[in-house]
Each structure stands twice: as structure tokens, then as C-alpha cells.
Amino acid sequence: MKILDLLASALRSINRNRSRSLLTMLGIIIGVASVIGMLALGSGASDSIKGELGKLGTNLIMIRPGADQQRGVSSDVTNAEVLKETDIKAILNLCPTVNFISPVVQTKSQAVFGSNNCRPYVTGAYRDYFFMNNYAIKLGQLYDDRTGKSLQKVCVIGKTVAEDLFVNEKEAVGNIIRIDKIPFRIIGVLEEKGETMGMDGDNIIIAPFRTVQKRLLGLSYVHVIHAATKDENDVDKAVSEIDDVMRGFLKKVSGGEPQYQIATQKEMLDVMGTVLDMLTLLLAAIAGISLIVGGIGIMNIMLVSVTERTREIGLRLAVGAPSNVILWQFLIESIVISLIGGIIGILLGYALAEIGGNVMDMDAEVTMSSVLMAFGFSFMVGIIFGFFPARKAAKLNPIQALRHE
Amino acid sequence: MAKCVIDINHITKVFNPGENEVRALNDVSLKIFEGEFVSLMGASGSGKSTLLNILGCLDQPTSGTYFLDGEEVNGISKAAISRIRNRKFGFVFQAYNLLPKTTALENVELPLLYNSDISSSLRRKKAKEALVSVGLAKRIYHKTNELSGGQQQRVAIARALVNEPKVIFADEPTGNLDSKTSYQIMELFQNLNEKGILIVMVSHEPDIVEMSKRKIILHDGKVIEDDEIINPKNAHELFVAANKK
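Protein chains in written order, with the UniProt record's numbering: chain A, 1 to 405; chain B, 1 to 245.
Keep in mind that a hint or two might mislead.
[As the list claims (entries may be wrong)] Below, in silico cross-link-like pairs of lysine-lysine (DSSO-like), each with a Cα-Cα straight-line distance of 27 Å or less:
id : chain 1 : residue 1 : chain 2 : residue 2
1  : B       : 78        : A       : 395
2  : B       : 215       : B       : 31
3  : A       : 2         : B       : 125
[What the hints assert, rightly or not] Label pairs and their in silico Cβ distance ranges:
id : chain 1 : residue 1 : chain 2 : residue 2 : range
4  : A       : 388       : B       : 204       : 17 to 27 Å
5  : A       : 359       : B       : 145       : 42 to 52 Å
6  : A       : 380       : B       : 43        : 34 to 44 Å
7  : B       : 242       : A       : 391       : 47 to 57 Å
Treat the hints as calculated values from the structure; they're not laboratory data.
Backbone N, C-alpha and C fix where the C-beta goes; we use that ideal spot for every residue, glycine too.
All chains, please: the whole structure from these sequences, using the hints.
So, in C-alpha cells, the structure goes:
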């Protein structure tokens with residue numbers, strides 16, 4: 001019996017039991033569609049989050065106090081105060097690849113204007129901070145604090161703050177608001193940043209570094225230092241330069257261990273990317289389980305089919321069908337069922353990715369590799385779960401099969 | 001002298017070996033020659049169907065030897081036995097055993113599907129010829145469930161014929177049919193026998209058996225009678241006579 005005859009006979013048999021075949025395929029269809037959809041949505045989500053993080057500035061380097069954290073608790077309390085504003089000058093002078101730098105202090109405070117109030121993050125930083133973190137001014141202007149001498153009580157506010165405190169953001173510039181009872185004059189409103197991983201990037205106020213550090217917080221140290229290179233490719237070099245300066249010139253070491261840690265936005269992006277990819281794979285694996293369940297469904301139906309068609313098998317054996325041809329007949333039937341299911345599933349997966357992408361407002365692209373994987377997987381499911389029923393059919397005794405009622 | 005086609009010696013078939021063993025065939029020896037039309041008779045449980053299955057290579061004897069066309073069949077591979085059934089034998093069953101929801105043509109094509117020497121166009125052509133020869137020229141594309149019992153059995157006979165077999169084995173071929181239709185089916189068998197096909201038939205209806213040429217009666221797994229039928233009845237004449245009544 002030729003392969004084409006086998007294929008034709010399989011298609012005829014599937015066609016004869018159309019609704020049953022379709023129900024059998026359902027498991028595979030759902031499995032394949034969800035694997036493809038999940039992978040597409042997962043990589044879409046991952047891309048969009050990476051894009052959002054990229055907006056924060058990929059050249060950014062962050063120097064934080066407290067390197068030797070154990071179980072999330074800083075082991076040396078004094079480490080929290082290890083960074084000083086004076087370090088900035090040393091880093092800027094001794095690290096040629098560092099182009100922008102700013103100390104950063106941050107707090108969550110209440111801001112009041114008239115009868116309105118809100119609780120934004122208040123950041124104190126140099127003017128470079130805006131460039132490093134991709135903040136652009138929309139209305140008004142930036143303050144002119146390049147070296148940190150300024151104690152001016154001026155500030156730049158984010159869109160959310162502007163909307164919370166004023167009827168119209170255009171009214172904000174020039175007005176005086178109170179942050180923890182200290183009056184600040186608004187000199188600018190920032191362009192919208194949008195949400196990043198559930199955090200409102202616009203619920204912020206940025207003011208000159210010393211104003212916030214001394215007047216608002218009364219601190220002598222710095223929370224974080226932000227630095228940036230001109231070129232994205234210099235980030236690694238800059239990190240090692242900063243590390244050298246911190247360790248050598250500034251001697252920020254205690255018991256041989258550094259008292260600071262240096263992180264880059266790129267690293268965070270990479271870590272985030274790894275986590276997201278793992279999540280995507282996990283989702284796909286869960287979806288993959290339904291493929292296996294679908295395979296068991298195929299096996300079930302094929303077993304029913306073998307029992308139902310025992311007489312037919314007996315007849316085929318009697319008229320001289322070799323048992324391996326019977327095996328192939330049923331195997332090909334289950335493969336055809338799962339492949340048709342796979343194809344429908346792939347189309348459905350495309351639809352799922354398209355709809356999901358639209359709903360979640362991102363680009364969910366179905367990759368060729370996921371299609372091939374789903375296709376290959378459904379082929380395997382057809383073989384693996386079709387084999388047992390097919391072998392059962394092939395092993396039938398023709399006389400008993402012919403007598404089967 | 002006619003050539004010996006089937007030659008079995010001391011065939012024994014035991015089911016359920018052990019305590020409840022059933023000796024379906026007990027030391028049966030037979031020779032069947034070219035051109036014969038043999039009827040196997042006997043009460044139910046006498047072993048006639050078992051004998052037919054063994055002769056048709058659907059079952060293997062527990063002991064004894066079987067020579068087909070001078071070649072030993074015992075102990076050859078399953079594939080080789082399938083090939084013998086496919087090329088040399090045709091089978092007709094009491095319950096027709098046609099594939100449901102398929103056309104007469106597809107049913108008749110079935111044995112040729114398992115013969116890779118035959119192309120699909122030749123397969124189709126032969127199947128049509130076989131259906132024409134059993135008088136179903138107008139029913140070629142009918143589904144089997146649209147046919148009467150007699151017509152279904154004709155499809156089954158066409159299926160048995162399509163590979164130009166040496167032997168046709170028929171297990172109670174008229175068992176499900178009324179007498180007039182039975183005569184028509186027997187007429188087909190007689191015509192095929194005329195053309196040189198050896199026919200081995202199981203039947204318990206004496207009037208049907210009278211249309212064959214040799215009657216073998218089994219009892220408790222043994223041959224108790226083996227007679228030539230002198231002047232077998234002509235099925236066509238019986239059919240004409242039945243129609244006149």
C-alpha cells in the first residue's frame with residue numbers, strides 16, 4: 001500500500017467522523033494556539049518592558065552605598081552614609097569616560113498648592129540628572145545647577161504633580177508650591193514619561209541637589225550617584241574606572257570589602273530580560289501541558305476507533321493487509337489529525353497574538369521558531385499517542401476481529 | 001489428472017490448551033484439486049469454520065502439515081501468509097463485511113490496495129470489471145448501505161474476485177439471504193467455478209450444498225463423510241423455477 005493511499009484513507013476516515021475528529025483535534029488546537037500565543041505575547045511584553053526601561057537611559061551607571069548586603073540587610077550601617085558629594089569631583093576628574101554625573105537624594109514628601117496636595121517623589125540632583133535619565137522639559141525651563149552650588153528653592157515637576165495641583169499644567173510654571181512646608185517656585189514641567197512596570201514616572205518633583213539635601217532632608221551624605229557616558233559602549237569601561245577611583249583614591253573600602261555597589265541600567269535590563277524570558281517559557285510550558293493532554297485525547301479516540309473498526313481491520317487483514325500496513329494506517333491517521341489540529345492551532349495562535357497584542361497595546365509577534373516548534377510538537381504527539389492504538393490494531397487476530405460485534 | 005491445490009495432512013487444532021481444551025479439528029487429512037467446488041458441512045461446533053480458516057490461512061493448525069500448490073505453508077512468516085491471502089485467495093463472509101459508508105467500488109478495490117504491483121488506475125479498472133461481472137454495473141458508485149443484502153454479497157464476491165484468486169473461501173455465503181437471492185449468489189459461484197476457480201464453501205443448508213460438486217461432512221473435528229455430488233443442481237434453473245411459482 002502506497003503512502004498516498006494511506007494518506008487518502010486517513011483523510012477519508014477523518015472526514016467520515018468529522019465532528020468527532022474535530023473534537024479530538026480541539027486539545028491540540030488549544031495547546032498549539034496557547035503555546036504560540038503565549039510565546040508571542042511573552043516576547044511582546046518583554047520587548048515593551050525593555051523598551052520602557054531603555055527610555056530611562058541605557059548609558060546610566062548608578063553608585064549605591066552598602067555592597068555587602070546579607071539577606072537584604074546592610075551589614076554595616078555606616079555604609080549607608082558612605083557616599084559624599086565630594087566624591088563627584090574625584091570621579092569626574094579621574095574617570096575620562098564619565099561625561100555626566102550627579103549626586104542624588106530622594107524622598108517622598110507632601111506637596112501643597114492652595115487646597116490641593118499630593119505625595120510625589122522629590123529628587124535632588126544636578127542638571128546632568130535630566131540628561132542622564134532622559135527627562136525633557138515641556139514647559140518653562142530647567143534650573144541651572146551644574147555644580148551643585150545652588151541652594152535655590154526652585155523645582156521642575158512631572159505631569160502627574162502638575163495635574164494634581166493645578167487645573168491646567170500651563171498654570172503651574174511660576175507658581176509657588178510648598179514641599180514639606182518649604183516654598184518652591186515651579187520653573188518647568190516635564191514631558192510625560194508614562195508608566196514603567198506599574199510605577200508612575202510622572203509623579204515626581206526634581207529640585208537642585210543641595211536644596212533637597214540640606215533644606216528638605218538635612219543630610220550630609222548622598223543616597224545615590226548617577227553617572228553616564230557619552231557612548232553606550234563605554235559603560236563597562238566607565239564602571240571599572242569608577243570602581244578604581246572608589247577603591248583607590250577615595251578608599252571606600254572596609255575590611256577589604258567595598259562599601260558601595262555599582263549597577264548599570266544595562267545590567268538591570270539584562271536581568272529583567274532574563275526574568276521575562278523565563279516567565280515566557282514558563283507560560284509556554286504550562287500551555288505545552290495542554291498539548292500533552294490533547295495527545296492523550298487523540299490516543300483515547302484512536303483506541304475507540306480501533307475498537308469500533310475491529311471488523312474492518314479484520315477484513316483488511318483477511319484480504320492480505322500486512323500488519324505493519326495496518327499499523328501505519330492508524331498511525332498516519334493520528335498524525336494527520338494532530339497535524340491538522342496543529343495548523344488550525346497555529347492560525348488561532350496568530351489570532352490570539354494579534355488580539356492580545358491589541359488589547360495589551362504591544363507588538364506581539366509570532367516567531368517562525370515557535371510555529372515550527374508547535375508544528376513539530378503536534379507531529380510528535382500524533383506519533384507518540386497514535387502508536388499504542390495503531391499497534392493494538394496491527395496485532396489483532398483476523399478471525400477474532402472478523403467475528404467482533 | 002487434475003493438479004492438487006490443497007493438501008492437508010493430520011491437521012489438529014486445539015483451542016485453550018490445558019484443562020478446558022477444545023479439540024476443534026482432530027487429525028483431518030484432505031486433498032482438494034483444481035476445478036473443485038467443495039462444501040464443508042456439519043453441525044455447529046463440528047470444526048467446519050475452523051477448517052475453512054486454516055485452509056484460508058487465516059489461522060494456523062496446532063499440528064499437521066499444509067501444502068498449497070505443493071509448497072508448505074506451515075512456519076512461513078506472517079508477511080508471506082498475508083501475501084498468499086492477498087494474491088491467491090478470495091474471501092466471502094456470511095455478514096458480507098463491507099466497509100461502511102464507502103462505495104461498492106472502494107470496497108472491491110480493497111485487496112488490490114495491498115498489492116503494490118498494481119497501479120491505482122489498474123486497481124480501479126479491475127474493480128469495475130469485477131463489479132460488472134457480478135452484475136452490479138449500475139451500482140458501482142453506490143454506498144454499501146444503499147444496497148440490498150444480495151447486492152452487498154455480490155460486492156463481497158466482486159471483492160473476492162478482483163485479485164484473480166486461485167481459491168475462493170466462502171463462509172456461509174447465503175446464510176443471511178432468502179432462497180431466491182441465494183440461488184443467484186450460487187449461480188455466480190457456479191459460473192466462477194466453471195471458469196476454473198476452486199471454491200471451498202461452508203454451509204449447513206442441504207439445498208445450497210447440492211449445487212456444489214463435493215460434500216465433506218465434519219463431526220467433532222473429524223471428517224465423517226466425503227462424497228462427490230453427482231449431477232449438482234443448476235442454480236440458474238432453480239432461480240428460474242422459483243420465479244415461476
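We went through each hint and held it up to the structure:
1. Restraint check for residue 78(B) and residue 395(A): satisfied, since their Cα atoms lie roughly 11 Å apart, inside the 27 Å limit.
2. Under the criterion of a C-alpha separation no larger than 27 Å, the hint pairing residue 215(B) with residue 31(B) is consistent with the structure, at around 13 Å.
3. For the hint linking residue 2(A) to residue 125(B), the alpha-carbon distance of about 18 Å falls within 27 Å, and the restraint holds.
4. Taken as a hint, the range 17 to 27 Å is violated for the pair residue 388(A) and residue 204(B), whose Cβ atoms sit roughly 41 Å apart.
5. A hinted range of 42 to 52 Å holds for the C-beta pair residue 359(A) and residue 145(B), which are about 50 Å apart.
6. Taken as a hint, the range 34 to 44 Å is violated for the pair residue 380(A) and residue 43(B), whose Cβ atoms sit roughly 54 Å apart.
7. For residue 242(B) and residue 391(A), the Cβ-Cβ distance of about 50 Å falls inside the hinted range of 47 to 57 Å, so the restraint holds.
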